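A.B. asks: Chain by chain, the residues:
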Amino acid sequence: MTPHALVVQDLYIAYRVRGRDLAALKGLGFHIGAGEAYGLVGESGCGKSTVALSIVRYLPRNGRVSRGRILIGGHDLYALGDGEIRELRATTLSMVYQDAARALNPSIRVGEQIAEIYRLRGLTAPEAKTRTLAMLQRVQIPDGQSVYDRYAHQLSGGMQQRASIAMALSIDPKLLILDEPTTGLDATVEAEILDLIAQLRREIATAVLFISHNLAVVSRMCDRVGVLYAGALIEEGPTAEIFGDPRHPYTVGLLRSLPRPGRRKDHGRLESIPGSPPAPDDEALGCEFAPRCGLAEEKCLRVAPPLFDLGAGTATRRSRCHFHARAQALARITPDDEPALSATDRSLPPMLEAVGLSKSFGGGRHPVRALHAVSLQLWPGETLGLVGESGSGKTTLARVLLGLVSPDPGGVIALDGMTLAGDSRARRADQRKALQIVFQNPDSALNRSHTLRRLIGRVLARLGRVPRAERPARLAQLTRSVQLADHHLNLRPRELSGGLKQRAAIARAFAGRPRIVVCDEPTSALDVSVQAAILNLLAELQTQHRVSYLFISHDLATVRYLSDRIAVLYLGRLMEIGPAERIFSGPHHPYTAALLSAGLGLSEKTGLRTRLVGEIPSAIHVPHGCVFHTRCPRKLGAVCEEQEPPLFPGAESGHQIRCHIPASDLGARSEFAVQESGDAA
Amino acid sequence: MNSSWRKLARSGSFMSGLLIVAFWTLCALAGPRVVPYDPFEDDILNALAAPSLMHWFGTDQLGRDVLSRVIVGARDILLVAPLATALGIALGVILGLVTGYFRGIVDEVIGRLIDALLALPLVIIALLALTAIGPSRLTVIVVIGIVFAPLVARTVRAAVLSERNLDYVAAARLRNEHAAYILFVEILPNVMPPIIVEASVRLGYAIFTVATLSFIGFGIQPPSPDWGLAVAESYGLINGGFWWPVLFNTLAVASLVIGVNLAADGIQAAVNA
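Respectively, the protein sequence lines represent chains A and B.
Using the numbering used here, you'd call the opening residue of the first sequence number 1 and step up by one each time.
Using the numbering used here, you'd call the opening residue of the second sequence number 1 and step up by one each time.
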């Protein structure tokens, strides 16, 4: 029998911080067979990166293996000498990092960096170059020769990641570690990279350790999966079984908290896991998950469960739960009978209307055209979802509407029919108060020197004009409505977890009783289990306060849950706008179709794929004609390069598509349509 | 903040620096009460006596006890240097906040003025101020404060540039906060760490500068027992073999500068960690 590519045995790793040992891994054990793809999933702080670093022996200086072993091809990694470990890294072990831009050397040409590896293995310079070019072709870089001569910063994010995959494969490794290889990339590019990795897996017999927080990605890429929680595996088994028949309440909760197609705010709330993962210095006597677990009994708090072997003879399945047999009986914590929102009355005039908004940054000969002639409406109480890749102008549009950035002359923003000034300071107090925002990153949005009481209280005073005497009561009421505890008010942002910080940011946005709240990717910095809770909160606040949302996200699944209508943005232009379900059911713009197939969820494993080539062009050199023609899989020909199509009416009133192809030919993609029945799980 | 304090308390360089500075501060505060002799009383018969059991550090050309003068001499410099630093920091922080936040034309104009000021040597500015308002402790404070302000402003401006793009500033603008509120209540607390480091480093320079100005006669005036002044009065005597007045005063200046810089190092390490 060939030895396993990787064996991790009872691994304990601690970091020494301020004279104390903080445990990062607590008895982690798994193995990867030769040629097998193993996925390790977990939320932030569960020890994923520590696993990756410990396997290549790049732990930071304050990190120490206090117990356990790592065997690679039968060698005990931490018993090797310095020369032997270098030899191992040169011949058997390689790693692809999350941030390719930082993994590549900025001052050496990309090709040279890869060729260097071949030269170190004894090849002559011309041979090394030939092999490098062959490898670049293998990772589907179309113009290898020109990429060879470029520096990392001259490549797009997707190309950089391809180049670093090429580099990792150049040593022909026995074990390839992929540490969140697609996390920083756009959905369409991520889909391409994942296709590439899947393709390479079929060609070469490398064992793969795939580390990710993204359940859908892992489910597509891996043979077996381990779920990491608080530094130890809590469940392990073949991919299909883990996702189809989870046996740990945490896995059950994680899977349930993914927004599923067909689930919308008017049907009820999303499932979520209460609380947040334990801090590294929390010492739990019993099960680490017990405080968040709906199934926990008194025994769970007392006795730490071992990793039970559930293997009924076949493939190994393990679960660290006393009650693994009934993990799926985990009670749903959110009731399904939330009051439904009354439908928006679109016969009334819209509350907010934008006409022909454009925005260019930096004058001179090459301005960045971030936004071009965008028009849209927002009615009271509705949610307009705004989707697009990075660089599509989503955030610029939000900032223009808020008055943080003035639009180019010619654009009009009107609230209740009254034209708004471009600069928020020039707007009337009630107009300013009407529009507020929840930013993407609470670390940047909340002043780190102020307590929550001050952060939220200031808005009550400035925008809410709440008299001093009434402020404590309003503050308490707000705090409760975003499900923060009173004692949180005395804390500063850094003393809170990501989810709690975002709740504080939401409380601040609502403190002035706004009528429209712009949500700029409010959940993209959060873990899956927390994400769902924030979406629920936003849905609840909408029911209570009848606010309208402009909900910005790159993730269609998230947008789908909250939105009544969806607008798709590409290079600063609206490509499609219409009722949410129509956007999913089609006919779609080819770009929307590509976004939809790039964001396939767990249950949508197969189906027609619309893949895009290349990446979003720079907003400095916008393509002529239809801006999407450079990547469009359904390009007609010259007409697309020469004429920019207007927004043609789509399948129903309010649905518009910017494409030369008539809506009737654009085709509905039934696999993306609403699946009411698929919601039973 | 608590962890920073703990780090400081465990920092060897900070604690030893603090010890030196505390010693001189004590001398400045309690000086006249602990000195063995009146530092201002001449004793011509006993002039330039070498160090002995009677006069540990010897006496100067007027027969005054050098030890007593060194102890009391800490007074002026420890009053003038911190005040000058405080003035420089205050001016620099305001300039840095304003130029960093508003950018544009304000930044350009103030920036060029700062460049112009930086191009002038300290001595030229001191000479100008001296002839204009006459030498006094206040002149020294103002001159050093003005010379330091641009240097501090540059550090603060750099810190503000990265803060102003954070979303909490945008959130404040959406509340229609005044620029002064955004600058001093929102941004200032977040740029305090580099300001604290800058202040500690500047204090070291200020001590050295005060001593220098006094030495060349633009600073603290006689009959103060100030160290720089004392060195100026007696360095011509070294050729005659009378080294003690110069040596002990120089050592005093050097030890104080080193003490402040040690403390600054410790602060910098604690803030940046």
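Derived from the structure by calculation, the hints contain no laboratory data.
Note that the structure is a prediction, hence the values are computed from the model and not measured.
Be aware that one or more of the hints could be misleading.
What the hints assert, rightly or not - Derived CB-CB ranges, DEER-like:
1. A:Gln145 to B:Leu161: 14 to 22 Å
2. A:Ser49 to B:Ile124: 53 to 61 Å
3. B:Leu161 to A:Tyr151: 20 to 28 Å
4. A:Ala279 to B:Met15: 27 to 35 Å
5. A:Gly311 to B:Pro193: 42 to 50 Å
6. B:Asp115 to A:Thr130: 50 to 58 Å
7. A:Leu636 to B:Asp115: 55 to 63 Å
8. B:Leu161 to A:Gln483: 33 to 41 Å
9. A:Ser390 to B:Glu108: 43 to 51 Å
10. A:Arg492 to B:Thr131: 50 to 58 Å
11. A:Met418 to B:Glu108: 32 to 40 Å
Claimed, not checked - Now the stretches of chain A that chain B is said to cover, found in silico as 3 or more residues with beta-carbon under 8 Å:
12. 418-432
13. 446-458
Glycine is no exception: its CB is placed at the ideal position from the N, C-alpha and C atoms.
A.B. asks: Determine which of the earlier numbered hints do not hold for this structure and return their numbers in increasing order.
C.D. replies: Violated: hints 1, 5, 9.
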